[in-house]
Each structure stands twice: as C-alpha cells, then as structure tokens.
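Q: Residues per chain are reported as follows:
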Amino acid sequence: MQAATDWRRAGVVLPALLMLGLAAVPFVAHYLDEPFYVSFIARMIVYAVAATALNIALGFGGMVSLGHALFLGVGAYSVALPAFYGIDNGVVHLLITLISCAVLGLVTGAISLRTSGIAFIMITLAFAQMGYFVFVSLKHYGGDDGVVITNTSQLGGFNLGQPDTLYAVALLILLLALGWTARLRVSAFGMVVRGAKQNARRTSAIGFTTRRYQLTAYVISAMLTGVAGMLLANLNGFASPNSLSWVVSGDLIVMVVLGGMGSVAGPLLGALSFLGLEEGLKAVTEHWMAIFGPLIVVIALLGKGGIVGVLTRWDQRSVRLNSTASIAPTKSGEAAQ
Amino acid sequence: MFLSLFIPQLLNGLQLGVLLFLLAAGLTLVFGIMRFVNLAHGTLYMLGAYFAASAYAITDSFGLAVIAAVGGCILVGIALEQIAIARLYRRDHLDHVLATFGLVLFFNEIARVIWGPQPYALPVPVFLEGAIDFMGISYPAYRFAILGVGLLVAGAATWLMQRTRLGMLIRAGSVNPEMVGALGVNIQLLNGVLFGLGAGLAGLAGVMAAPILSVQVGMGDQVLITTLVVIVIGGIGSVSGAFYAALIVGVVDTIGRAFLPLLLRELFSRDIANAAGPALASMLVYILMAVVLAVRPQGLFPTGGH
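Heads up: the sequence lines are chains R and X, in that order.
In terms of this note's numbering, the first sequence is numbered consecutively and its last residue is 337.
In terms of this note's numbering, the second sequence is numbered consecutively and its last residue is 643.
All clues stand as given, with none of them false.
Chain X residues, not near chain R, derived (Cβ > 10 angstroms throughout):
#1 Q346
#2 S391
#3 P460
#4 M472
#5 L503
#6 I524
#7 G533
#8 I549
#9 L604
#10 R607
#11 L637
Chain R stretches covered by chain X per the calculated footprint, using a threshold of three residues with CB under 8 angstroms from any CB of chain X:
#12 115 to 122
#13 127 to 136
Quick caveat, the hints were computed from the structure, so don't treat them as lab data.
Ideal placement from N, C-alpha and C gives every residue a C-beta, glycine not left out.
Hey, can you work out the whole structure from these sequences and the hints?
A: And the structure:
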C-alpha cells in the first residue's frame, strides 16, 4: 500500500522534485565552475513560464493559438526599446510589457475569437507574423538583425542582466505562475473557461458570456507570455524579430502538448524535456531538426496527454493493481483529450 | 508618369496574386473538405522549386523542370497523405498543427541536407526572356507568362469544380463530408486525389516563382502564412473566394509596399514616413484580414457549409 501512495503522487512528486532541483542548479553550477549551465537552465525556466502562459489559453481554454510568439517578442522589445533610449528601470519595462501585451491580446483576441477552429489558428498565426514584420521593418532598432540590450532591467537594486539574478527571478516567477495556475484551474473562472473548451454552446446556455471568459483567459495568457519575453530579453541581452517567428509559436505549442495540455505541471515538464531533447540532439548531429521534426509528428500521432498523461496513467495503474479493480481504460480527464 | 509607375506594380501585384491562388486553391480545399490544418503546404512549394532547380541543372530544360516539380510534389503529397496525414483526419486541429509543424521542420532540414544552405537560382526559360510592350510600358515576358498560367489554372479549376463529377463531389464534400461518404463515395480516395492535386499546384507555384525569387530553405514558410491570409479573407473551402482574395492580397501587398511610403512622405515628415512606411506596408494585408474578419468572420466568399 505504501508503494501505491507514492505512485499515486508521481504526477505531483516529479514536478516538485524538479522545482527543487532547479533551485539547486546555480549552486551546483558554481560549485562545478560551469556558470554556462545557469544561463542554459534559465532559458528552460523562461520557456516554462511562456509554456505555462500558453497553457492557460491552449490547455484550459482550448484556444489553439499559433501566435504566442507575438507576446514573447513584444515582451522582449518592451525591454529593448526603452533600453535603447537608456531607460533601465525594471518597473517601467514590466509595465510596458504588461500594458502592451494586454492591449495587443485584447485587440487580437477580440478579433480572433470571432472565429473558431481552423480560422482561429490561422488568424493568431497571421497576427504574430504581422508583429514579426513590424519589428523587421523598424530599421532604426536593428531591423532584421535585432538590437543588443546594454541597459538590462534594474529591479529593486537587482540587475536582471546578471545570469544568477535572472535565474532566481525567473524561478520565482515560474513558481508563482505554477501555483497561480493551479488555483486558476479549479476556480470558478477556470471552470467556465475549461467548460467552454469542452462545449462552448452549452457553457453559454448555462448563462455565461463564454467569449468574454475566453478573451480574459487569452489576455492573461498574453500578459504572462510577455513577462517571459521580458525575462528572455534580459537573459540574452538581445531582442530580435526571431523571437516573434512562427516557429517559436509552434515550439511553445509542442512544449505544452508534450508536457500535458491543461495540466498544471505539464508546461514545466514539456519545456524542460523539449529544450533538453533539443540540446541533446544538437550534440549528436548538426541536422537535429531532421530527427526532431518526425519526433513531433509521433507526439501528435500518439497524443495521449503528454508526460503528465503518462504519469497519471502510471498512478492509476498502480492504484488499480492494489485495489484489483477492472482493467477498463480510464480517462484521465482533461489530459486524455 | 504616374501610370508608367503604377501599371507595372499592378501587374506585379496580380502576378503575386495568381501565385498565391495556386497555393490557396489546394489548401482551401484541404481545409474545407477534410477540415485539416496543413501547415506543410508551403513545404511542397519549396520542394517544387528545389525539384525544378535540380531537374534544370541536369537536363537544361525548363519544361522538364516543370514536370519534375509538379510530378515530384504530387508524389510527395500522396506519400505524406498516406503515411501521416490520413491518420490525423479524425483528430482535432491541435494534432494537425503539431504534426504538420513537425513535417515543416523535417523537410526544411532535409532540404538543407540535400541542397545545402546556399540559395539556388532557376533561369528564366529562353523563349520567355526579354520584355513585352504593354500600353507603352515594357514588362518582362516571363511575368506575363506567370499571369497567363495562373489564369489558365483558375479557369481549369473553375471548370473542374463546376462542370465535372469530381468537382461536384468536392463541392458536396466541402459542405457535408459525412453525407457524401454515406452516399457511397469513397471519401478516402477523394481526399487522396485532392491532396495530390493541391500538392501538384503548390509545386507548380514553386517552379513558377523560382526564376523571380531565389530557391532556398524556408521560402515556403513565409508564403504559407500569406496563403493562410488569402484563405481567411476568401472564406475557408471556397476556390472562387481564394481566387478573388489572392488577387486582392497580391495587389494590396505590392501596391502598398511600393506606394505607401511615398504617400506617407507627402503627409508626414520624412523621418516618420521612413520609419512607419515600410512597417505599415508590411502590415497592410494583415490589417485587411482583420477588417474582413471584423465585418464578415466567415470570409468574403464563403461556401454554403459552416
């Protein structure tokens, strides 16, 4: 019975252990005198924040946004453009990020949510592409080549351009974001958004203004993605239109699905394994994408709730083995879709 | 003076439009009938251009290059449909996005492995070199040929859709695929034929665009997104909608890029115009799409279906 309790928690224990491990990374890295790992893992954490943000729209709301790179890029440029004029106040950067992403999310979300399904995917993609070309054509700020950020965000005496500081801030934000999405998921608001994913018409029939809930979730998702972009710009000391490229939007979706859509820990697991896999394949061959691409196809073909889905099924099986229940396949709620 | 500047740009716009139509025609049907989100359509365009460049390098014949591009793309399209895509029709759109996104990454990398990172060039065929005088304006013959081929394909597509049994099935399928299947039509075969047809058209667009652009990895990604804009504006699943929308998008984009910066220079200071002109011009088709969606979410020329 003891073992069963442990298994049952595999979906909880693994992410918790991961977070603890992440907290230890900077200390280990400095002990080993390999500070490169701090920046490398920090990148994973930043993408985990972005994936967590996308999960609010995609996993909870079922809104397949192929344009979240827009918000990542706008967040990055919210640091780069003020920094270009010598403004290094982190609060100003954060405010610009939040406000611009909220406005952009509101406008593009309101237009995109007039449609659904295929059209929604294409429109979010098109809006992100529009942002990409805007920043490409801003030759004054580097255009295609991007712009180097010398004045990184100063936040309450800390310089986010410093890898260790950024690591700590990013990890804190990730922790807050995970805790908050866990609450959001089971809140009344989260329930309506998730209900709308399963059946928008029925949710409306109960009496909720479904689209307004979806739009709110979309805007929240956009703002949190923007924060990830702000962290990314500080981490790289650089912002370029490439962070708005549609491949980034696709990568974010892969992270969410790989980890487990609609679950709380999924985006974290997804981002870590995605970037870890990428780095591992890069070490094997220069043409790693020729392996990675088919892998994504396989993930899509298997499509059973991602890593969290596997953990959940694992938990359930060990429960079943102990309670000798029937072997009928159980649906693990959201994750099984 | 103005006309001599304007007409070539208008022709450029129309020519971009017919290329977009070749891509959009196949893609909109895949969207409309199979309800399948195919991000890999731009990849077929890229492969078409590469196939043509390779065939030309070997045989020195533009005609064979065209055949290699169209034939090769049909084969790749059918293989793709059989191996991966047919398994995904019944899944939701997210799985489509994921799988075809993976395919795009894969094919881009494969193209880089096979053809290398340097861009290829496909020369204009000899009999289409030079320029033609049109209303007192000299315009390259090859670009006229693109326009001609595009209009020819549009005519053939209209004939196919409106006058043949296959077209009837396609139209019926775009309204209610389940019902068409229930009436005894082999939907799987229809899907395969459609996918191959769309792939062939994408390959044709690739080979025709190759002499004016450079053939390189990723050339399909950009054009794919513009094609998606065309489809959204035209109405998903509508071939005639795709035709009009493609011409509109092609002309608006080209004219906007050519004249919007000049126009802004008249209205604002030079600095503002230089900064905002290109940015605004590149946003134009997306703004157009947003306006169309705000007014008519189903697109300008929707089919009868949903």
